[in-house]
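Student: With chain G fixed as given, assemble chain V onto it according to the hints.
2 protein chains.
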Amino acid sequence: MAPQLEPFFKQVDDLSGSFIDRLRKAVAIPSISAQDENRKDVFKMAQFLASELESLGAEVEQRPLGKQPGKEHLDLPPVVIARYGNDKNKRTILVYGHYDVQPALKEDGWATEPFQLTVDSQERMYGRGSTDDKGPVLGWLNVIEAHKKAGVEFPVNLLCCFEGMEEYGSEGLEEFIQSESKKFFKDADAVCISDNYWLGTEKPCLTYGLRGCNYYSVSVSGPAQDLHSGVFGGSAHEPMTDLVNVLSKLVDPQGNILIPGIMDLVEPLTEEEKSLYGGISYTMDNLHESLGSETGIHATKERTLMARWRYPSLSIHGIEGAYSAPGAKTVIPAKVIGKFSIRTVPNMQSEDVNKLVFDYIKAEFAKLNSKNKLNVWLQHDGKWWVASPKHWNFAAASKAVKQVFGVEPDMTREGGSIPVTLSFEQATGKNVLLLPMGSSTDAAHSINEKLDKRNYIEGIKLLGAYLHYVAEEPMDI
Amino acid sequence: MAPQLEPFFKQVDDLSGSFIDRLRKAVAIPSISAQDENRKDVFKMAQFLASELESLGAEVEQRPLGKQPGKEHLDLPPVVIARYGNDKNKRTILVYGHYDVQPALKEDGWATEPFQLTVDSQERMYGRGSTDDKGPVLGWLNVIEAHKKAGVEFPVNLLCCFEGMEEYGSEGLEEFIQSESKKFFKDADAVCISDNYWLGTEKPCLTYGLRGCNYYSVSVSGPAQDLHSGVFGGSAHEPMTDLVNVLSKLVDPQGNILIPGIMDLVEPLTEEEKSLYGGISYTMDNLHESLGSETGIHATKERTLMARWRYPSLSIHGIEGAYSAPGAKTVIPAKVIGKFSIRTVPNMQSEDVNKLVFDYIKAEFAKLNSKNKLNVWLQHDGKWWVASPKHWNFAAASKAVKQVFGVEPDMTREGGSIPVTLSFEQATGKNVLLLPMGSSTDAAHSINEKLDKRNYIEGIKLLGAYLHYVAEEPMDI
Chain G
81 MAPQLEPFFK QVDDLSGSFI DRLRKAVAIP SISAQDENRK DVFKMAQFLA SELESLGAEV
141 EQRPLGKQPG KEHLDLPPVV IARYGNDKNK RTILVYGHYD VQPALKEDGW ATEPFQLTVD
201 SQERMYGRGS TDDKGPVLGW LNVIEAHKKA GVEFPVNLLC CFEGMEEYGS EGLEEFIQSE
261 SKKFFKDADA VCISDNYWLG TEKPCLTYGL RGCNYYSVSV SGPAQDLHSG VFGGSAHEPM
321 TDLVNVLSKL VDPQGNILIP GIMDLVEPLT EEEKSLYGGI SYTMDNLHES LGSETGIHAT
381 KERTLMARWR YPSLSIHGIE GAYSAPGAKT VIPAKVIGKF SIRTVPNMQS EDVNKLVFDY
441 IKAEFAKLNS KNKLNVWLQH DGKWWVASPK HWNFAAASKA VKQVFGVEPD MTREGGSIPV
501 TLSFEQATGK NVLLLPMGSS TDAAHSINEK LDKRNYIEGI KLLGAYLHYV AEEPMDI
Chain V
81 MAPQLEPFFK QVDDLSGSFI DRLRKAVAIP SISAQDENRK DVFKMAQFLA SELESLGAEV
141 EQRPLGKQPG KEHLDLPPVV IARYGNDKNK RTILVYGHYD VQPALKEDGW ATEPFQLTVD
201 SQERMYGRGS TDDKGPVLGW LNVIEAHKKA GVEFPVNLLC CFEGMEEYGS EGLEEFIQSE
261 SKKFFKDADA VCISDNYWLG TEKPCLTYGL RGCNYYSVSV SGPAQDLHSG VFGGSAHEPM
321 TDLVNVLSKL VDPQGNILIP GIMDLVEPLT EEEKSLYGGI SYTMDNLHES LGSETGIHAT
381 KERTLMARWR YPSLSIHGIE GAYSAPGAKT VIPAKVIGKF SIRTVPNMQS EDVNKLVFDY
441 IKAEFAKLNS KNKLNVWLQH DGKWWVASPK HWNFAAASKA VKQVFGVEPD MTREGGSIPV
501 TLSFEQATGK NVLLLPMGSS TDAAHSINEK LDKRNYIEGI KLLGAYLHYV AEEPMDI
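Chains as they are written, first to last, in my numbering: chain G, 81 to 557; chain V, 81 to 557.
Hints are supplied without guarantee of correctness; some may be wrong.
For identical chains, the list gives no copy identity; a pair is met inside one copy or between any two copies.
[To be verified] Capping the alpha-carbon separation at 25 Å, the derived lysine to any residue pairs in SDA-like fashion look like this: (1) Lys329 - Lys451; (2) Lys381 - Asn427; (3) Lys170 - Pro499; (4) Lys442 - Ile337; (5) Lys329 - Leu448; (6) Lys186 - Pro340; (7) Lys329 - Ser430; (8) Lys266 - Val236; (9) Lys409 - Pro149; (10) Lys447 - His378.
It should be emphasised that the hints constitute simulated quantities derived from the structure, not laboratory data.
The following block holds chain G by itself, in its conformation from the complex (with noise of 0.2 Å):
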């Protein structure tokens, strides 16, 4: 065990009633960032967590984010940073997390009051934002506080970045890491975000990659308005018909992506990495329940994770402009588009991925001999992200889960996209880690959101423990 680590932990179990009440009194503040009457609410959380900051001794600041754009009578909450020691020869952490929560009613099926933390017989402390995520922000000042009253010397200065408008897409963040990339955030010698989740009940995990996403619409027009099919079925080329014969060429139902060249981009599977997802802690049966059905596409957890976590996807989302309620029509749309998107992996560059895609879907489209007119974009893209795991930012947090859980990590990707993780990777230019608190059934923005008593206890644990680790660490990646 590092040292001073034994009476830290103590001093995590002694509080931790004190620890659960902290979390009480931020569930209590209903902060939904989505719902315009509670904004003053949004603004209450930030100013609490402030004080409690301030009160453990760190300089604190609420940076204010001007008006929300498109409700420009509403103030975007503040980000609220703040920085805990600047000792220049202790390494900088920077953590991220958010204050806002998803929006929550008894009434939309709640065991429990939402803004009341509420904790049962086997331990599992329900409320809304408990798990996502102010179980793992007030995480940060526990661990301060136990040092504190510990008498332990804090192992590394700490800044904090915590956000207001998380669960409302962020809004204004991204300009703010990049206007404090050389300022604030100047001194980070690493960044760890605690906002996922385990992969399952039992075993922490340290994240380590993100897939990214490109977005695109595919319209296909011919008449100048919608027609009857009685009248023009057969005498007029159908963008309906044409459209579908398009998208049916992207993926084939075993989701193999079927545009030449898209797999080539793809890093290479290496025995080193193949060997990494056996000892996952995963099952069929983790994914069959998660479905709801069996209907997974691969037969071992192996591959299953793989096309999850490092391999691309391309999923069609739906189609505008067609017929889409319940009933009979018998329209011909004149105009359809069709959305689809591909998740995307290392070392796939979108502008190259967009090339692939807009030539093969227009070289389709050319051998179907519709005199139709097909038009293809981009919507959206979102790079993927991948961090390096021996990096010691993760061999760091990989200690400390030994340490507070006695068993080595799972090391995981993610299959969707935590875009302000790419942000603070490309604001610092610092390792990133993703160093989940809560487990894969906390029910996060969905009723009954829970965390449970051990992984905010020992999870507290654990985020004091990295930072000790970290501090130990040698500097070779």
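Tutor: Just chain V now, with coordinates in the frame of chain G:
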């Protein structure tokens, strides 16, 4: 010229101002069947028709149809039935029309008040219902009046059946026709419906065929709820991928139905039928004008008309359950339902078509090796209709066209359905003729609906002449 036509024609010309006044009075009653608040006007229009018919000497009844299904606070408008003449030595002709109209508001873009008949300098008579279907309905009344005033013996017994719910699904009519088949309709020797349009603007046509329609739904379902494409893309079978694949196998971009066996059900094209299309007054420019684009499939008018009238077509209308809004959403829809329909022609029987469709779709889905579930079913079907254009009913109408307009009529079919046609054929067992009064530019159902004065006045002569030639035709079919 058949005896007695000259004084009748002269009388029509002399009464033309009065006939236009009659249309003006009818257009002024906003008998919109789709709008609850206008139901009283639909009844008012029924009363207007009944009074006019009575004053002309017809035996008239307004037959109630009960309450409107799903809107039980509303009475369905009555069917106005009338008998004019009861001479066992004359043929009895049943005519159908409707006295309700589509909705219309000046602010929809009408150049004139929609319920105020407005005649412009080119003798186009604008007003809602002018061509659809008040002009043709009053045409029959005008024929009676002109005969009376000219002192010409009416050549047939006339049965009128005028409904008031045609623009809202002909609620209650089918049951009425069936129940009266051996009563009011039992003497009918032939049926004439004036409720469609010339193919162009110059040449009258007789319509002897309509396509049917089999409307299908095909669903694919997999996961228990919509999924996030970041988390599950690549690891689960996606219903949308499967559905798009299946839909792409139904029809090619040139309109060829790919379901094996469907084309084998189609009555072969004879040389005799083939020769009919060349003479039809229709051009590719007409097609392009109505499409608002040059996206027709076929190079010639003959092939275009055959595609519309005598070959089946398959149109994909849309997808229910997928993302259909503007913008971007990274959803994997859990269940999607594709909608498509096949326009049917002789000799396609609905149940044969269904079996081919169901078997093919299930077989194509099986090839996909997906774990998702597919279901395919018929939403509704309506049979095609083709009458014998050599029947004396058509021969009489053809002579009437020649007499009034100086040309042989185009013998046409239509791509869409007019369900009442088949109902009358089945209920009476007699030949049904579609004898349009209006032209292709009349904009029925649209803004600025109109009926040209020429079409109205010469149309009255046409309807009268038709009845005279009907009286003279030999019995042979």
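Student: Hint numbers the structure violates, sorted upward?
Tutor: 3, 6
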